[in-house]
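Listed here are the chains, written in short residue letters.
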Amino acid sequence: MCLAVPGKVVEIFEENGLKMGHVDYAGAISRACLEYVPEIKIGDYTVVHAGFALSILDEEEAAKSFETWRELQAAAAREGVDLFGRPLGDFEDRD
Amino acid sequence: MSLQVKPENFGCPLPAADEDTVQLAHGGGSRLAAELIEQTMVPAFGDPVLSRLEDQAVLEAQLDPGERLAFTTDSFVVDPLFFPGGSIGELAINGTINDLAMGGARPLYLSVALIIEEGLPLATLHRVVAALGAAAQAAGVRVVTGDTKVVGRGSCDKIFINTSGIGVVPAGVTLSAANLQPGDRIIISGTMADHGMAIMSCRQGLSFAQPLTSDTAALHQLTEVILTVAAKPAGQALRAMRDPTRGGVAAVLTELARASRVGVMISEETLPVAGPVKGACEILGIDPLFVANEGKLLAVVAPEAAEEVLRAMRNHPLGRQAAIIGEVTAANSGLVALRTALGPERVIDLPSGELLPRIC
Amino acid sequence: MLKHLDEYRDPALARQLLAEIAAVTTRPWVIMEICGGHTHAIIRHGLDLLLPPQLELVHGPGCPVCVTPVALIDKALALARRPEVIFTSFGDMLRVPGSCESLAQIRAQGGDVRPVYSPLEAVNLAARNPVRQVVFFAVGFETTAPGNAMAVQQAARLGLDNFSLLVSHVLVPPAVGALLASPGNRIQAFLAPGHVCTVEGLQDYEAMAARHRVPMVPAGFEPVDILAAILLLVRQLEAGRARVENEYRRSVRPQGNPAARQAVAQVFQVCDRTWRGLGEIPASGLRLRPEFAAFDAECKFALGEIRAEESPLCISGAILRGERKPPGCPAFGKECTPAHPLGATMVSSEGACAAYMLAKR
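Protein chains in written order, with the numbering used here: chain A, 1 to 95; chain B, 1 to 360; chain C, 1 to 361.
These aren't lab readings, by the way, just hints derived from the structure by calculation.
Nothing here was measured: the structure is a model prediction, and the numbers come from that model.
Cβ atoms here follow ideal geometry from the backbone N, Cα and C, with glycine treated the same way.
Incorrect hints may have been included.
Claimed, not checked - Derived list of chain C stretches under chain B, where covered just means 3 residues or more per stretch with a C-beta under 8 Å from a C-beta of chain B:
| no. | region |
| --- | --- |
| 1 | 63 to 71 |
| 2 | 87 to 98 |
What the hints assert, rightly or not - In silico BS3-like cross-links for lysine-lysine, where the CA-CA straight-line distance does not exceed 30 Å:
| no. | chain 1 | residue 1 | chain 2 | residue 2 |
| --- | --- | --- | --- | --- |
| 3 | A | K41 | A | K8 |
| 4 | A | K19 | C | K3 |
| 5 | C | K3 | A | K8 |
Stated by the list, open to error - Sample of chain C residues lacking proximity to chain A, with all beta carbon distances greater than 10 Å (derived):
| no. | residue |
| --- | --- |
| 6 | P183 |
| 7 | D272 |
| 8 | P282 |
When you get a sec, could you build the whole thing from the sequences and use the hints?
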């Protein structure tokens with residue numbers, strides 16, 4: 001359910017009394033209703049579902065997640081093997 | 001309520017001559033029809049055979065030994081008629097040229113038949129006809145015969161176009177969907193899904209930072225390059241060519257796999273998709289593999305010729321972003337599989353109907 | 001490059017997460033991904049083929065195409081057949097068969113059925129066509145409800161009397177509760193729906209995790225998100241823990257989206273709802289509040305009693321609960337195919353039965 005794709009707010013305007021915006025997805029621009037993200041500003045990334053922005057993406061949290069995952073990678077890389085004990089880069093053979 | 005008598009209400013009940021829209025009378029037998037053909041259609045194509053206005057085009061044709069005729073027909077309906085990068089006019093000319101070219105044919109002659117809905121603004125008709133003429137001229141292919149019909153309002157959607165084409169297939173060229181052999185490489189001439197997403201974006205109210213344009217193009221010069229190069233190393237290195245229009249790359253590859261009783265394996269990471277097209281596909285939940293192209297081709301080439309064909313395609317303006325996207329396999333007969341970026345392979349299931357934006 | 005999307009498809013990072021999942025998995029576990037969006041991503045990227053064989057993923061009921069009951073689709077068809085009606089719907093629902101037809105077939109017969117991307121488009125259509133009745137098929141979960149609530153509020157603000165919703169909204173937590181309470185339940189952990197939680201927050205999920213002792217992890221929809229979430233679930237399962245861990249922190253806040261929740265509460269109220277394949281689940285849906293009855297297509301149009309029975313052959317309920325597998329169904333591939341589906345799990349191309357049909361082909 002609930003396909004929603006993150007895009008960058010590039011314009012904010014009012015239409016029929018609603019706070020609306022243009023959202024950029026790698027060059028594709030779509031309209032979205034911004035009523036549910038009242039504090040949003042131009043440049044913020046937002047998740048849009050069926051034409052409605054539902055959240056402002058938290059860049060700090062995103063960076064933190066990657067930090068955790070990169071640590072995981074770094075730990076494995078230090079050992080020089082993956083978690084099956086095989087040399088790194090051997091993964092294509094698995095399937 | 002009193003009846004007001006005004007002098008301007010009296011008059012001869014002649015049909016009002018609407019100067020701005022297509023009338024049923026434009027369809028045939030009337031002064032309007034003759035005007036339409038002589039003042040609009042004939043000048044747009046500027047062809048001596050068409051200008052004779054005979055019931056048929058009588059054509060000179062001399063075939064060398066081994067050469068054969070290719071003959072194809074296609075009908076074009078599109079909403080909107082005009083879209084970024086083109087119109088139904090370019091589609092109708094380029095589409096039929098491409099159908100000839102995919103068989104290795106050199107396109108020679110086209111027919112153009114219009115079915116027009118009563119009430120279509122004449123200005124729109126003129127734009128469509130101008131686009132048809134310009135596309136034929138740009139491609140260097142002659143429009144030698146044609147027809148126009150007008151149908152009552154509601155009997156068609158604005159304008160439908162049928163084009164047929166005749167071309168010559170050089171001696172020794174026998175391309176067929178049934179020719180594929182395991183190990184053959186699949187080459188695409190450029191980015192996927194540009195045309196379909198340009199059209200769908202018009203309908204879905206999407207816009208683009210840099211206008212997204214349809215890729216409509218006549219591919220016969222590119223196919224000539226491919227034929228020349230592929231003939232060099234091993235004779236018949238070129239197995240088949242197809243233009244992935246409706247149903248996209250996935251539908252064409254499935255047809256090829258079924259016709260040749262082989263499998264096709266494509267690799268997700270090699271599939272060329274322009275950034276904004278990818279963005280639009282993500283928003284609407286649509287897979288670019290299923291989306292129409294109007295100026296791209298898929299060529300299936302023997303492995304030993306693949307690199308050279310690819311190089312030659314990239315040297316042509318219509319093949320700059322050509323890429324090898326997969327290969328023919330003995331396994332998975334009749335199916336197309338995709339190797340995802342993470343490694344696993346999944347069979348591509350063709351959508352059961354029209355592509356629609358989804359929320360789920 | 002799509003920021004906040006492409007970096008979550010990094011194959012190297014995904015492989016590392018897969019390796020970590022394999023390393024921490026010591027026993028068989030059954031995990032349900034509730035949301036159809038997760039199912040779609042899992043199949044699209046082939047994640048199910050990369051997980052250790054001990055991990056079984058069960059596709060959940062989180063897809064409006066799958067769970068909208070036949071009777072409601074028949075109501076949609078009845079409305080779409082009316083000459084004064086412009087019937088609008090998300091594209092997803094157009095091909096879903098009711099008792100004997102689909103919206104696409106009604107359109108082919110002359111019905112005015114139009115796919116829309118946003119419910120506000122349907123409101124605009126009503127404003128532009130004052131002599132027609134515009135009905136919007138309001139399907140979906142908690143994620144879609146705020147948009148549909150806004151459409152109703154906007155139609156009210158614009159004073160439109162020719163706009164209405166055919167409401168089939170459903171709620172995730174009651175359905176998950178029903179799955180967990182069923183005697184044959186095998187599900188041990190849940191990949192929770194990231195966009196539902198973006199709207200609703202984590203409270204309900206924390207309550208469920210505690211009450212049923214199951215780990216729950218709201219996840220984003222890209223491979224790295226899904227794998228990271230599965231890793232969190234497996235770690236909890238292996239350690240005997242059961243709580244909510246939020247993988248999708250960049251979008252999901254504990255309290256959800258207050259503005260969206262408030263709009264939904266103003267326009268909708270909780271009601272009982274029948275789910276295709278699962279039957280009636282108490283308090284598992286939303287309907288319009290009485291003060292918005294003028295925008296309720298079921299009140300506005302005399303639709304009469306439409307009762308459609310599900311096929312007695314179909315075992316999709318047991319399949320949705322993870323109790324049985326599609327090939328075990330006597331109708332599978334015989335009476336029931338993707339072209340002529342008998343039940344929920346064959347309707348959507350990502351339904352378990354449809355997926356098995358494709359693999360078998």
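Q: Sort out which numbered hints this structure fails and list those numbers smallest first.
A: none
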